[in-house]
Amino acid sequence: MSLIAENIRVSYGTREALRGVTLTALAGQITAIVGPNGSGKSTLLGAITASLPFLGRVRLNGQDITGLKPWELAARRAVLPQASRLAFPFTVIEVVRLGLQSGTAGDRPEVPLQALARVGLASYANRTFHDLSGGEAQRVMLARVLAQVWSPVEDGQPRWLLLDEPVSSLDIAHQLQVMEIARDFACAGGGVIAVMHDLNLTALYVDSVAVLAEGQMLALGTPAEVLTDNILSRAYGCALRVSAPPPVGIPYILPHAASHP
Amino acid sequence: MAAVTDLETAPRDRVTRARTLHGVLAGVLVLACIASLQIGTTDVTLSAMLAKLMQGEALSQMERVVLFDIRLPRLCLGVLVGAALAVSGAALQGLFRNPLADPGIVGVGAGAGLGAIIAIVLSASLPVWVIDLTGIHLVPFAAFLGGCGSTILLYRVSTRHGRTSVATMLLAGIALGALAGALSGILVYIADDRQLRDLTFWGLGSLAGASWAKVLAAGPMIVLAIGAALMLGRGLNGLALGEATAAHIGIDVQRMKSIAILAVASATGAAVAVSGGIGFIGIVVPHLLRLASGPDHRTLLLNSALLGAILLILADMIARVVIAPAELPIGIVTAVLGAPVFLWILLKRRGLVDL
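Protein sequences appear in the order of chains A and B. Residue 364 is where the first sequence starts when you use the numbering used here, and the numbers rise one by one after that. Residue 220 is where the second sequence starts when you use the numbering used here, and the numbers rise one by one after that.
Treat the hints as calculated values from the structure; they're not laboratory data. Built from N, CA and C at the ideal position, the CB exists for glycine as well. Careful, some of the hints might be misleading.
[Stated by the list, open to error] In silico DMTMM-like cross-links for lysine to aspartate or glutamate, where the CA-CA straight-line distance does not exceed 20 Å: (1) A:432 - A:547; (2) A:432 - A:494; (3) B:567 - A:517; (4) B:567 - B:546; (5) A:432 - B:471.
[Unchecked claim] Stretch by stretch, here's where chain B covers chain A in the computed footprint (C-beta under 8 Å, at least three residues): (6) 439-446; (7) 596-605; (8) 611-621.
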């Protein structure tokens, strides 16, 4: 089972943000979308989540998403936006329940608290969402998204987590925690696509990396294949050096070693 | 273990409280209705009439007129208008994702008023078949069209890419209100004497002219609109997260917004058509309820209908008794009570306007 985006084109006015990008993500894996600012990462995720008009085709578990109703899509995939603003003073648990109601676990009232516990915020259930810090708010939103697709596989079909910069406002401990959650979801058979900025976290956790630059797919493959001096330097426009610590062999990128051409 | 139990039960408290509030408010509404039938400028009281009936005596002609032709239609109209204004407020606030959106403040009421005035003044020049077809519903329907037009215009102006700018919304509301006021002024010049009298009574914002005809004219539209609005609870909750996220959690956002706009326009339109401008119910009622039992629209909308009806009946009772045997326009009472609450909301949560 897979999520396939074929030949995706998106224009903002006359500017082409995506020029025919094709991405295949497999269930049971984490797929990261990386690339410099303005390369079209969030736009690609926007097309995959049907939040903006696009040309091309997106197939989720084999079904074209344009033929699915909003509630059918909501039962198959959950989306974590970059930032969330909430209009009314809902409590944390009420926000997480919004996810539960739209997913397939609607009759399981214990799920929201379990989802909050998963992101380490079980004791925050009765706090007002507005009073949370940026990082806490982002984790509560992740709990809402998890509650929506609580079982990574349901009726033999994988569920999908689509995350737009899930670790952007988190401290290092919670960055690792969120990546672990994503990995557990994928290991249990679900699919994860995440827009990432941190190349080292990407190298540590993901199975497949898509590198975007100027609205085009520069490379797609495993971290070892894609996170190379050549590809990264071309994508980001500065000379990056990829290294690997001897025992594990996972590539890492030291910003200290970067040089501008 | 105690902590876990606390966690499992406590979050449900607001839900339970909101559901309990349904019953409490329904009870209070019944009491308010009885009180409203009891009190009036004449000596006729409900209790005296009931006592008479118990003893097998017939009611006098005057008692029957006071009860069935004056107080009862006025009560029905009060319940309808109060519920309509409060639900419109709650739904409009959900739609604009801001607790300051009120049909009266953002110009929806003014648009509906313009529609009503156009219908009153131009009805003489309309073809007979239109009058025959619409009958008593002509003015409420015109008010609905006016409300609809102004809501859609307001939404277009103040919402870009699914985000509503509060400042733009409030300023656009002022512009809409001014425009509707100016057009209404022009129509007043065109109006003949009889129409002028109609307009003046209508514009006072009052339940004084209540009749069964008005109840019939506004009732079906208000009941339908409130029924539609009550189904928006889950959708408006989702919309609180923003339009994109609402769609991601499975809400057909366009359809939901259309239903919300139609419901607000018809409830406000019908209420304005029969009662003129009665302000602040739409902003005060949902705000008090959010303080009491949280912002969950699945319970907020019904509670708003109940509390709106209660407050309007109480305001009407005040309007009837403070300067008896004359009476105050009810719009004055709701403004005196509501405007300070509105200011208090602004004072307490200044951040609202900066959003």
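Exercise. With a cut-off of 20 Å on the C-alpha distance, tell me whether residue 432 (chain A) and residue 547 (chain A) pass.
Key: At roughly 28 Å apart (the allowed maximum being 20 Å), residue 547 (chain A) and residue 432 (chain A) break the hint.
Quiz prompt | 20 Å limit on alpha-carbon distance, applied to hinted pair residue 567 (chain B) and residue 517 (chain A) | solution = 47 Å, violated
Self-check item: chain B covers the region 611-621 of chain A, three or more CB atoms within 8 Å, holds or violated
Solution: Violated: only 0 residues of the region 611-621 of chain A have a Cβ under 8 Å from chain B.
Quiz item: Given the hinted pair residue 432 (chain A) and residue 494 (chain A), is their alpha-carbon gap at most 20 Å?
Solution: Violated - the C-alpha atoms of residue 494 (chain A) and residue 432 (chain A) are around 34 Å apart, more than 20 Å.
Self-check item: Hint consistency between residue 432 (chain A) and residue 471 (chain B) [alpha-carbon to alpha-carbon, up to 20 Å]
Solution: The given pair, whose Cα atoms are some 8 Å apart, holds under the 20 Å limit.
Quiz item: Count the residues of the region 596-605 of chain A with a beta-carbon closer than 8 Å to any beta-carbon of chain B: does the count reach three?
Solution: Violated - the region 596-605 of chain A has 0 residues with a Cβ nearer than 8 Å to chain B, which falls short of three.
Quiz item: When you check the alpha-carbon spacing of residue 567 (chain B) and residue 546 (chain B), does it fall within 20 Å?
Solution: Answer violated: residue 567 (chain B) to residue 546 (chain B) is near 34 Å, above 20 Å.
Practice problem: Tell me if chain B covers the region 439-446 of chain A under the three-residue, 8 Å CB rule, please? | Solution: Since three or more residues must qualify, the claim that chain B covers the region 439-446 of chain A holds, with 3 doing so at under 8 Å.
Checked against the numbered hints given earlier, the structure breaks hints 1, 2, 3, 4, 7, 8 and satisfies all the rest.
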